[in-house]
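> Once you have looked at the hints, place chain B on chain A.
So the sequences go chain by chain: A and B.
Each residue of the first sequence is one higher than the one before, counting from 1 in my numbering.
Each residue of the second sequence is one higher than the one before, counting from 1 in my numbering.
I should point out that these hints are in silico values taken from the structure, not numbers from a laboratory.
All clues stand as given, with none of them false.
Taking lysine-lysine and the BS3-like style, the derived pairs with C-alpha atoms no more than 25 Å apart in a straight line are:
#  : chain 1 : residue 1 : chain 2 : residue 2
1  : A       : LYS88     : A       : LYS30
2  : B       : LYS97     : B       : LYS212
3  : A       : LYS66     : A       : LYS30
4  : A       : LYS72     : A       : LYS62
5  : B       : LYS107    : B       : LYS97
6  : B       : LYS23     : B       : LYS97
7  : A       : LYS56     : B       : LYS57
8  : B       : LYS186    : A       : LYS56
9  : B       : LYS186    : A       : LYS59
10 : B       : LYS107    : B       : LYS127
11 : A       : LYS66     : A       : LYS8
12 : A       : LYS72     : A       : LYS88
13 : A       : LYS56     : A       : LYS72
14 : B       : LYS186    : A       : LYS88
15 : B       : LYS186    : A       : LYS62
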Amino acid sequence: MIDSSTYKLSGRVDGTNAEHYETEISYLSKNAEQSFLIDLSDLNYISSIGLSIFIKVAKALKNDNKKLILAKPNPAILDLLVMSGFDKIIEIQN
Amino acid sequence: MFSNQLTLAEELILITLDDSSGKLFASAKPFAIDIAIAASLIMELTLNGRIDTDSEKLFVLSNAPTGNQILDDTLAEINTEKTSLPTSVWITRIGKKGESLNQLIIKSLVDKGVLMSVEKRMLWVFKTRVYPPTSRIEEREVRARVMQLINSDEIPNPRDSLIVGLLQATSLINHLLTHDELQRLKVRIDNIVNLEEINRSLGAAAQEAWQKIIDSTPVIRIC
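Same shape as in the complex, but just chain A (with noise of 0.2 Å):
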């Protein structure tokens, strides 16, 4: 069964790929409920297009009163995320 609250992004997002992942999230989010969790224990690397989809996602969830979670990112990826300020509009849990 497909949770339809949750998303896990593994290896590299980046422009060559980006594209895919932002119709399956776009299209998971809308029926989340309260909150979209994507689980980024598994991601390597992540280009700024691939951060933009964050960014997209969030605002679409934030239009319907709900709200976007990364979690687990590696601490490289958590680096990436504190110094682009994510961690200011969008909610990371460890």
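Showing chain B alone in chain A's frame:
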């Protein structure tokens, strides 16, 4: 793709325009405008899926034409480089085209009917060309978008984060806001700008250019 829609570079030029004189760059640091224009081209190529960046490098995803000659020329130049270079290097490199790039963007705005090209005489002798806006609708729209974003807690879309980054790097943000507003909204503006990697690279390129100016300025010692 870009028939009448304004690019980030065109939006930046519009905000930089001094409406009363019809001249450009009257109220911003000239070196900053050049690198901000360069950054805006890279930003537009990113928004259109032609290039991608991370904290270390810029890389081409597709060399398919965008339909905008200035962007396509920039993409072709980036695509000829064999190694991936940091975004800040590209911003500085493209920014060296300064005036010629600015003139191309102004021409594009004239072609779109957003600016007029008017010849004036200075001291009744010297001819000069100025570019007053035809209606100011587009400029007002950009300013309104920026003001609404920085005065709210809404999550910015990437395009709006990028235009705020351009305004901050050129110090033009100081002309949109009062001193008190700047103080009150500084953290919010910094947060919006920081969301986009290219904004951080632009900040680094601007800092480097500023440092070069400081380094080349003679020091007067008072003994």
